[in-house]
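> The chain contents come next:
Number of protein chains: 2
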Amino acid sequence: MRYNPVELILKKRNNEKLQKSELHYLFTAYAAGEIPDYQMSALLMAIYFRGMDIDEIKTLTEIYIESGQQIVFSDQLNTVDKHSTGGVGDKISIILAPIVAACGAKIPMISGRGLGHTGGTLDKLESIPGFRTDYSHHEFKELVNKVGFAIIGQSENIVPVDRVTYALRDVTGTVESLPLITASIMSKKIAEGAKNLVIDLKIGNGAFMKEMSTAEQLADFLIETGRSMGQKVSVVFSNMNSPLGNYVGNALEIRESVDFLKGAVIPDLEDLTLTLASEMILMTGIKSDKTSAYQMAKEALVSGSALKKFREFIEFQGGNSEICDNLDLLPKCDYQISIKAKKSGWIKNIDCQKIGYALIEIGAGRKKIGEAIDPGAGAKLPWKIGDSISEGDQLGVIYCNDKIRGSQAADEIGNCYQIQDIEISREKLIFKVISSY
Amino acid sequence: MRYNPVELILKKRNNEKLQKSELHYLFTAYAAGEIPDYQMSALLMAIYFRGMDIDEIKTLTEIYIESGQQIVFSDQLNTVDKHSTGGVGDKISIILAPIVAACGAKIPMISGRGLGHTGGTLDKLESIPGFRTDYSHHEFKELVNKVGFAIIGQSENIVPVDRVTYALRDVTGTVESLPLITASIMSKKIAEGAKNLVIDLKIGNGAFMKEMSTAEQLADFLIETGRSMGQKVSVVFSNMNSPLGNYVGNALEIRESVDFLKGAVIPDLEDLTLTLASEMILMTGIKSDKTSAYQMAKEALVSGSALKKFREFIEFQGGNSEICDNLDLLPKCDYQISIKAKKSGWIKNIDCQKIGYALIEIGAGRKKIGEAIDPGAGAKLPWKIGDSISEGDQLGVIYCNDKIRGSQAADEIGNCYQIQDIEISREKLIFKVISSY
Chain A
1 MRYNPVELIL
11 KKRNNEKLQK
21 SELHYLFTAY
31 AAGEIPDYQM
41 SALLMAIYFR
51 GMDIDEIKTL
61 TEIYIESGQQ
71 IVFSDQLNTV
81 DKHSTGGVGD
91 KISIILAPIV
101 AACGAKIPMI
111 SGRGLGHTGG
121 TLDKLESIPG
131 FRTDYSHHEF
141 KELVNKVGFA
151 IIGQSENIVP
161 VDRVTYALRD
171 VTGTVESLPL
181 ITASIMSKKI
191 AEGAKNLVID
201 LKIGNGAFMK
211 EMSTAEQLAD
221 FLIETGRSMG
231 QKVSVVFSNM
241 NSPLGNYVGN
251 ALEIRESVDF
261 LKGAVIPDLE
271 DLTLTLASEM
281 ILMTGIKSDK
291 TSAYQMAKEA
301 LVSGSALKKF
311 REFIEFQGGN
321 SEICDNLDLL
331 PKCDYQISIK
341 AKKSGWIKNI
351 DCQKIGYALI
361 EIGAGRKKIG
371 EAIDPGAGAK
381 LPWKIGDSIS
391 EGDQLGVIYC
401 NDKIRGSQAA
411 DEIGNCYQIQ
421 DIEISREKLI
431 FKVISSY
Chain B
1 MRYNPVELIL
11 KKRNNEKLQK
21 SELHYLFTAY
31 AAGEIPDYQM
41 SALLMAIYFR
51 GMDIDEIKTL
61 TEIYIESGQQ
71 IVFSDQLNTV
81 DKHSTGGVGD
91 KISIILAPIV
101 AACGAKIPMI
111 SGRGLGHTGG
121 TLDKLESIPG
131 FRTDYSHHEF
141 KELVNKVGFA
151 IIGQSENIVP
161 VDRVTYALRD
171 VTGTVESLPL
181 ITASIMSKKI
191 AEGAKNLVID
201 LKIGNGAFMK
211 EMSTAEQLAD
221 FLIETGRSMG
231 QKVSVVFSNM
241 NSPLGNYVGN
251 ALEIRESVDF
261 LKGAVIPDLE
271 DLTLTLASEM
281 ILMTGIKSDK
291 TSAYQMAKEA
301 LVSGSALKKF
311 REFIEFQGGN
321 SEICDNLDLL
331 PKCDYQISIK
341 AKKSGWIKNI
351 DCQKIGYALI
361 EIGAGRKKIG
371 EAIDPGAGAK
381 LPWKIGDSIS
391 EGDQLGVIYC
401 NDKIRGSQAA
411 DEIGNCYQIQ
421 DIEISREKLI
431 FKVISSY
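In the order they appear, the protein sequences are chains A and B.
My numbering puts the first residue of the first sequence at 1, with every later residue one more than the last.
My numbering puts the first residue of the second sequence at 1, with every later residue one more than the last.
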């Protein structure tokens, strides 16, 4: 059967459901260069407005998966991955994976680079001298089997149709479509071989999802799509109204991760990491109740076994694990610029997205794919909503190599904090957890 | 100021108004090849869903006009044009222009070819042996000044940004957007030099507008855009649930036009043509009240002065005006296939759009730009909603050169007529007239 792309665009535009064969035609013909970009982008915008039902989402997920290779691990049931929808100061993968690996699970993690105002795990890890993220599927499987976890970049052979579609979405204002986000996340994670998946679904002004209702819709799509493909999915709804931890920036977040794994008390990092870790331990069946799963994860952290795994991981991926003993081996910046509080009171609101974009200006992230970053650049931003502060106190510190841009960023970030006279309570970090198992 | 196309797409997608400078950048950079098709098509789809307010529509109309040449007539106030949103059997321009020219107005008409299921005035006129529609702006002005009217094709120098945008809309499912339709119609008509404009806004199953509410919104946009540009606009809302006149097809409609100008009684053609003509006579100030304007138009028809103008027009545009005396000089088809009524009763519904598409199959129209047509092909379809008919009566006749396709079309068209046992009244042809003057 021969399809007419315009008729299919009109069908979606007019709110009719696209059939499996129609979606298959559209996306594979697009990837094969038989449907031009301008028709696909019109279709994607129509999908943005009209949505997709769960059948369409499952079909698209399958199309994405089947377009490329799938990695298969021998001890499948033991594999678990975590995906974050992205936030500011989100170094969770880096501390979570060694904890869960220390508990006996296998974590095959394929990660990304910074996107929009959020940082990327690969960029952070590459600030470790010598660290590599470009491994073949075969090497990746070996690393996971030996160390218990590995974190590498996406190869071209995984979900190629999603990759070309995503590149088009990125330049046509069609990223924020829940059905397209669902198919994109689920196809990648299923193709990467982990049979269990926990999603850190971030909500707030520093996240891509600003509203709980949108996040709940996405969680439903993710869980339902996973269910139909035999993939266990657990969703942790977490607060992204304050930066996570104390630091934002690539090498700065590696420092903080090492500190954390060595025992530093950083309450929000601990809370979120151990919640995600215990879900992962439950999903793989290593423990069967939440309390013992949580305790097992906490023990891996406190005992230093997670730190040991982390050292091993760095070494196996070509990095210098001495950074764990001497943090000065990590890239640093020439200048530190203090950000002062302009008034006394309680922090009512923090514009995390603006903070993310301000830090891109000093090199902590990219404006365009392929741009170089300054691994040492970033900021210390330890305050959270509900904290009280006095005029002139240090609200944060900018780390940079360009004094002028650094001062501008300090100014901008200072303005991201809204301080009020009336006391305000701290916000919850974990809203809720929904699991499909 | 440097704009980011993605940000502007997102702005429209998120329902924010685009500023004049932003629209200017988007459409002129697109036409200049600086914004790729895939971004423009995403923007057009976002406009389809979000619409545009009247300021945005006016701005876009200006951008379209300013992108090309404008024709200016010396006796501007006397110039008037008619635009039809397209129907089945719509030969109105061909009989209307000579009537109004005979009353003293100047009608510079730049017309189009068949679009979708509807026919095109240029295709109809080109069935007259020798008739030409390709004239320069200079020649066009001369023709209008000498004859009183001319009907030619659009040159490449008129609204080029609309032209490239329209071509993209056509292949991306973004034609049916009222703001884009408004800017497209108004820019073309203003650039073509007529200071007064009457719109035959067709509503019904044979029109692009199926709903009165949509048509009213379009009329508001057209009138308001005209007002802001010193263009008088009058909108005649007409019924397109039955084919207009007795014939559909290129040479067949020329025959019918000649018959009509020679005195044949064709009630719907007369009603619509004289309504449009009197509006045009009023707008140009030739008459100042509806009754005398209508009578003047009727007199031009009855006296034969319109027919005289029509002969002159054919000769000036290179055609053989002897067709007016000998209709057999027009292209004809080899076969006539009768369509019989399958039951007795009253015609309840006619699927005019389906009729249009069925006639394309026998060569009366095009599926693709540039395709050849069969000028003699078409159908006699004299019955209207509310007419009573007996089983076995002739519902219509197909004129064709391919017997097999002709029989298929006869079958299909026969099924387009829904006949019921209960008497049903005829429908109104003219719903209402709204004028801006």
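Rather than coming from a laboratory, the hints here were simulated on the basis of the structure.
Hints are supplied without guarantee of correctness; some may be wrong.
Identical chains share a label here; the pair holds if one copy fits it or two copies do between them.
Stated by the list, open to error - BS3-like mimics (lysine-lysine), calculated; alpha carbons at most 30 Å apart, straight line: (1) Lys428 - Lys342; (2) Lys11 - Lys367; (3) Lys308 - Lys210; (4) Lys367 - Lys332; (5) Lys367 - Lys20.
> If a hint holds in the structure, say so; if it doesn't, say that too.
So, going through the hints one by one against the coordinates:
When the C-alpha separation of Lys428 and Lys342 is checked against a cutoff of 30 Å, the pair qualifies only within one copy, where the shortest distance is 26 Å, while the shortest distance between copies is 72 Å. In this assembly of identical chains, the alpha carbons of Lys11 and Lys367 lie at most 30 Å apart only when taken from different copies (19 Å versus 36 Å within one copy). In this assembly of identical chains, the alpha carbons of Lys308 and Lys210 never lie at most 30 Å apart, being 37 Å within a copy and 70 Å across copies at closest. In the homo-oligomer, the alpha carbons of Lys367 and Lys332 lie at most 30 Å apart inside one protomer (21 Å), although the nearest pairing across protomers, at 65 Å, exceeds that limit.
Taking identical chains as interchangeable, the C-alpha atoms of Lys367 and Lys20 lie at most 30 Å apart only when they sit on different chains, with a minimum of 27 Å there against 36 Å within one chain.
Checked against the numbered hints given earlier, the structure breaks only hint 3 and satisfies all the rest.
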